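> Below are the chains, spelled out letter by letter.
There are 2 protein chains.
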Amino acid sequence: MLKLKAYFMDFEPGIPVVKLNADDATELGLRPHDRVEVRYGKTLKTAYIETTCTMVKPGYIGLRKESRKYGVTQGAIICIRPAPRPDSLGIIKKKLDDMELKKEEIYTLIKDIDQNRLTDIELGALVAAIYVQGFSERETINTTKAMVKHGKQITWNKECIVDKHSIGGVPGNRTTPIVIAIVAAVGLTIPKTSSRAITSPAGTADTMEVFCDVSFTPKQIKHIVNKTNACLVWGGSLDIAPVDDKLIRAEYPLSLDPEGQVIASVLSKKKSAGSKYVLIDIPMGDGAKVSRIDKARNLAKKFKLVGRKLDMHVECAITKGDGPIGRGIGPVLEAIDIMEILEGKGPKDLREKSIELAALMLRMTGHGDEEKARRMLDSGLALKKFNEIVVAQNGNPKMDLLKMLGRYKESICADTSGTIEQISNTAICGIARIAGAPKDKGAGVYLYFKKGQKVNKGEKLFDIYAEKKHKLKNALNRANGCRVYHIGPKENMLIEEI
Amino acid sequence: MLKLKAYFMDFEPGIPVVKLNADDATELGLRPHDRVEVRYGKTLKTAYIETTCTMVKPGYIGLRKESRKYGVTQGAIICIRPAPRPDSLGIIKKKLDDMELKKEEIYTLIKDIDQNRLTDIELGALVAAIYVQGFSERETINTTKAMVKHGKQITWNKECIVDKHSIGGVPGNRTTPIVIAIVAAVGLTIPKTSSRAITSPAGTADTMEVFCDVSFTPKQIKHIVNKTNACLVWGGSLDIAPVDDKLIRAEYPLSLDPEGQVIASVLSKKKSAGSKYVLIDIPMGDGAKVSRIDKARNLAKKFKLVGRKLDMHVECAITKGDGPIGRGIGPVLEAIDIMEILEGKGPKDLREKSIELAALMLRMTGHGDEEKARRMLDSGLALKKFNEIVVAQNGNPKMDLLKMLGRYKESICADTSGTIEQISNTAICGIARIAGAPKDKGAGVYLYFKKGQKVNKGEKLFDIYAEKKHKLKNALNRANGCRVYHIGPKENMLIEEI
Numbered sequence: 001m002l003k004l005k006a007y008f009m010d011f012e013p014g015i016p017v018v019k020l021n022a023d024d025a026t027e028l029g030l031r032p033h034d035r036v037e038v039r040y041g042k043t044l045k046t047a048y049i050e051t052t053c054t055m056v057k058p059g060y061i062g063l064r065k066e067s068r069k070y071g072v073t074q075g076a077i078i079c080i081r082p083a084p085r086p087d088s089l090g091i092i093k094k095k096l097d098d099m100e101l102k103k104e105e106i107y108t109l110i111k112d113i114d115q116n117r118l119t120d121i122e123l124g125a126l127v128a129a130i131y132v133q134g135f136s137e138r139e140t141i142n143t144t145k146a147m148v149k150h151g152k153q154i155t156w157n158k159e160c161i162v163d164k165h166s167i168g169g170v171p172g173n174r175t176t177p178i179v180i181a182i183v184a185a186v187g188l189t190i191p192k193t194s195s196r197a198i199t200s201p202a203g204t205a206d207t208m209e210v211f212c213d214v215s216f217t218p219k220q221i222k223h224i225v226n227k228t229n230a231c232l233v234w235g236g237s238l239d240i241a242p243v244d245d246k247l248i249r250a251e252y253p254l255s256l257d258p259e260g261q262v263i264a265s266v267l268s269k270k271k272s273a274g275s276k277y278v279l280i281d282i283p284m285g286d287g288a289k290v291s292r293i294d295k296a297r298n299l300a301k302k303f304k305l306v307g308r309k310l311d312m313h314v315e316c317a318i319t320k321g322d323g324p325i326g327r328g329i330g331p332v333l334e335a336i337d338i339m340e341i342l343e344g345k346g347p348k349d350l351r352e353k354s355i356e357l358a359a360l361m362l363r364m365t366g367h368g369d370e371e372k373a374r375r376m377l378d379s380g381l382a383l384k385k386f387n388e389i390v391v392a393q394n395g396n397p398k399m400d401l402l403k404m405l406g407r408y409k410e411s412i413c414a415d416t417s418g419t420i421e422q423i424s425n426t427a428i429c430g431i432a433r434i435a436g437a438p439k440d441k442g443a444g445v446y447l448y449f450k451k452g453q454k455v456n457k458g459e460k461l462f463d464i465y466a467e468k469k470h471k472l473k474n475a476l477n478r479a480n481g482c483r484v485y486h487i488g489p490k491e492n493m494l495i496e497e498i
Numbered sequence: 001m002l003k004l005k006a007y008f009m010d011f012e013p014g015i016p017v018v019k020l021n022a023d024d025a026t027e028l029g030l031r032p033h034d035r036v037e038v039r040y041g042k043t044l045k046t047a048y049i050e051t052t053c054t055m056v057k058p059g060y061i062g063l064r065k066e067s068r069k070y071g072v073t074q075g076a077i078i079c080i081r082p083a084p085r086p087d088s089l090g091i092i093k094k095k096l097d098d099m100e101l102k103k104e105e106i107y108t109l110i111k112d113i114d115q116n117r118l119t120d121i122e123l124g125a126l127v128a129a130i131y132v133q134g135f136s137e138r139e140t141i142n143t144t145k146a147m148v149k150h151g152k153q154i155t156w157n158k159e160c161i162v163d164k165h166s167i168g169g170v171p172g173n174r175t176t177p178i179v180i181a182i183v184a185a186v187g188l189t190i191p192k193t194s195s196r197a198i199t200s201p202a203g204t205a206d207t208m209e210v211f212c213d214v215s216f217t218p219k220q221i222k223h224i225v226n227k228t229n230a231c232l233v234w235g236g237s238l239d240i241a242p243v244d245d246k247l248i249r250a251e252y253p254l255s256l257d258p259e260g261q262v263i264a265s266v267l268s269k270k271k272s273a274g275s276k277y278v279l280i281d282i283p284m285g286d287g288a289k290v291s292r293i294d295k296a297r298n299l300a301k302k303f304k305l306v307g308r309k310l311d312m313h314v315e316c317a318i319t320k321g322d323g324p325i326g327r328g329i330g331p332v333l334e335a336i337d338i339m340e341i342l343e344g345k346g347p348k349d350l351r352e353k354s355i356e357l358a359a360l361m362l363r364m365t366g367h368g369d370e371e372k373a374r375r376m377l378d379s380g381l382a383l384k385k386f387n388e389i390v391v392a393q394n395g396n397p398k399m400d401l402l403k404m405l406g407r408y409k410e411s412i413c414a415d416t417s418g419t420i421e422q423i424s425n426t427a428i429c430g431i432a433r434i435a436g437a438p439k440d441k442g443a444g445v446y447l448y449f450k451k452g453q454k455v456n457k458g459e460k461l462f463d464i465y466a467e468k469k470h471k472l473k474n475a476l477n478r479a480n481g482c483r484v485y486h487i488g489p490k491e492n493m494l495i496e497e498i
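So the protein sequences, as listed, match chains S and H.
Following this note's numbering, the numbering of the first sequence begins with 1 at its first residue and continues without gaps.
Following this note's numbering, the numbering of the second sequence begins with 1 at its first residue and continues without gaps.
So that you can see chain S by itself, here it is in the shape it has in the complex (with noise of 0.2 Å):
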């Protein structure tokens, strides 16, 4: 072990590293890119280091400005040794080799995941271990319990809470804000948190953005929740799932979401944001992340199981998910699509949607049917319910959204006539996102057609957007050597001739 004194530099490496002279690190027998357990009181972290011969002196650490956070002051005394072997890669190890995890092997592995104590080629070996070998149900639910107890937990003083999620893969589909607005006008009280887009063109936490705000402290969400009943706003800021943040961050690059993972992610998010009922949307169809009835019943028994086992009450919508639902892919074109249907506009797929989710969540609470539902989104009190919110969250509802789109604009068009047998989401969403969106919030894909309609050669199937030119271009190729629309021969039944 070895006592150092705090020096505060300037940097941010992303991942947690501290900087050591040369000599400190030899002195421990550690080499660049080891990882050192960093004492400071009662403060226990795990970090890599960086070693220099000059940039720190002997007997000094280069720590991040942020880690006054932990009360280090200059010159304090900061103690480091080599970071221990983490009991967890036996664990991972025994995953790999399709052995189901006890108890406490889970409960080990979570906090090692909450404390750092993990590398990144760790942390990218388990998550494929889960995606290969999955998670037993007593693997999903212990899993859940250990994520949320290493999470913050919001409570409330109401009883009534509810929230809603899907389980995502469908472009487009942005019913969240509908719902929300709808339930709240009920006045069921709908504390929901959102996450950006992991690897979709929007999240809802990103099209919200559009609107508002959605970056608050937990006491900055209940005063909004207080005011309006409900709030729209990103989770991750919140810290109720640290654990599910980082599996997240190492499931992104191969867009790896195993089911059991899936399962607890959500369960723990609504258990530690103090929700009491749950409904889950599992959009199901070819195309989307569940693609066959079986599938998706499965799923469905194993969220409600998983929830009881928490003391929520979960419900599953079984949905269309076989296409973009609504016509907007990305943040604007989804605000777009939901500002029209708040307005009693917008496309009918979505809007019939968001009704028959509110109504299930009317239900489950005893709160109504999808009469009322449909009355709250008819009688325009939803929209005024959603402007309360976005207030609340310091946006304004009167922006005009046209403007927000990205200047630059490309249509496709249909090069043969016949029936839309099938629209890719896969496509959809990589044009999307080739075209910027997420990040670019004006970028993205509007639908002319959905599946089962007519279409003549040369109609314009979509519109591509993007805020910049290069974007635009890589996103059309993407467009021009995919197949994103099949369209048949009318009420053909012959698929091939082989």
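By construction, these hints were calculated from the structure, which means they are not laboratory data.
Keep in mind the model is a prediction, meaning the values are calculated, not measured.
Accuracy of the hints is not assured; some may be wrong.
A pair counts as met if it fits within one copy or between any two copies, since identical chains are not told apart.
Listed below are the simulated PhoX-like cross-link pairs for lysine-lysine, each with C-alpha atoms no more than 25 Å apart in a straight line [what the hints assert, rightly or not]:
| hint | residue 1 | residue 2 |
| --- | --- | --- |
| 1 | K246 | K94 |
| 2 | K93 | K246 |
| 3 | K152 | K111 |
| 4 | K93 | K295 |
| 5 | K473 | K3 |
| 6 | K439 | K3 |
| 7 | K469 | K409 |
| 8 | K469 | K3 |
| 9 | K3 | K468 |
Place chain H on chain S using the hints.
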């Protein structure tokens, strides 16, 4: 893209990192730990970014001084852009989904690894995927060829270049220096490159380092081999298998070494080192990497097949691997065994195995048989050759090895009388590593008894050596906490009563 001026800084991050001013990073839409492509002239590398507001001025890029090896000078113009998503991600996902990779996919993967395009998370998922799903013969062949392509190659003016390799997993088993001495004494050319220990208490390179230097340039190695017919050097400094080194780093934390990866790793290095004849030692038995004869035969078949596809003559020796070989485990202790055998004494199992392996190499090249191998050892010619090699590698063959042993020592004695039924490879390795091997060269385990021998209660089973007191204590705790020796009543066929 941004053009920045090179600014040399004194830092060793252990992974590829460049430092940017936070404003420049924002300009590129990048956050800390995002990845950039860094281009200088024709040199293209991928690196993580660290940002700072003060340590690097806007318009500059902080580089390690080592960048000078690419010709970069202070103030030189460096182009950076966000690193594109590597094609390998889809390929890794495909392997996770248990699909066979095509030739071009494997070449893409190996190229991306070579160019540092994959993050640690992605590498972790890759080795996990190969571990769980395995490689087909075709995948193994293509991986081997792709690895050869991405490394430097050594060529020789001689015809009969031989080599050997043990797949490892058995403590002690330091046959290589003895085999090389015998074979080179006969007159064959054997430029042996070895690895350092990854998960074991010593690799051949660690043990040879007790006698002499092991890090040489290809030019120096040619000089040594021309002089002595052989060398016993560390392969890591030769850059003949840069991709393999990167994969091994990712396999290390979880001790993953999937079969296809092992074959590609071994044979690509042999090919790059210019070998024509290769003998693979496959230790087999309880506690070895390969536990059953059918698996060993299968592995041998694949080694031979892949070797043939790369124009090498590969033979395999399936050897006893159900317990440690030799008496010493750890660099100095193994060096002592080697020296004793070369001097005509030493542990019988290690001596006989070395003779048998050497004989196989003589036979496959038409240069002799077991009789001849034994004569080399008994006549002292092998010792003479070994000393020649040590001298050529800047060592002193007359050093006092006993003085290099760790100064802290404890003995573990039998708590019952009987016959040694089993010695646990894993336990022995664990104890030796905790005692400090391979880093502390004088640390390790010295065995007094082998499988099948009779022991009386109270007799010493093994000694633990350590250079540091606390390491000896930890190793003792491990030794007392796990079953190292299994001692049964003599000639008892009953294993267990249930």
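> Is it within, between, both, or neither for K473 and K3, if the alpha carbons may be no more than 25 Å apart?
Between. Shortest inter-copy distance 23 Å satisfies the 25 Å Cα cut-off; intra-copy 56 Å does not.
> Please sort K3 with K468 into within, between, both or neither, judging by C-alpha distance up to 25 Å.
Only across copies: K3 and K468 sit 20 Å apart there, 51 Å inside one copy, limit 25 Å.
> Since the copies are identical, ignore which copy is meant and state whether K152 and K111 lie within 25 Å (CA to CA) inside a copy, between copies, both or neither.
Within one copy only: 14 Å inside a chain, 43 Å across chains, cut-off 25 Å.
> Measure nothing new, just compare the shortest in-copy and cross-copy C-alpha distances for K246 and K94 to 25 Å and report within, between, both or neither.
Classified as both; 21 Å inside a copy, 23 Å across copies.
> How would you label the pair K439, K3 (within, between, both, or neither) given a Cα cut-off of 25 Å?
between (43 Å within a copy, 23 Å between copies)
> Indicate which option fits the pair K469, K3 if close means a Cα-Cα distance not exceeding 25 Å: within, between, both or neither.
Between copies, since 21 Å is at most 25 Å while 54 Å is not.
> If the cutoff is 25 Å on CA atoms, where do K93 and K295 land: within, between, both or neither? Let me know, please.
between (28 Å within a copy, 21 Å between copies)
> First find the shortest C-alpha distance between K93 and K246 inside one copy, then the shortest across copies, and answer within, between, both or neither for a cut-off of 25 Å.
both (19 Å within a copy, 20 Å between copies)
> Given a CA cutoff of 25 Å, do K469 and K409 count as a within-copy pair, a between-copy pair, both, or neither?
Result: close within a single copy only, 9 Å intra versus 71 Å inter.
No hint from the list above goes unmet by this structure.
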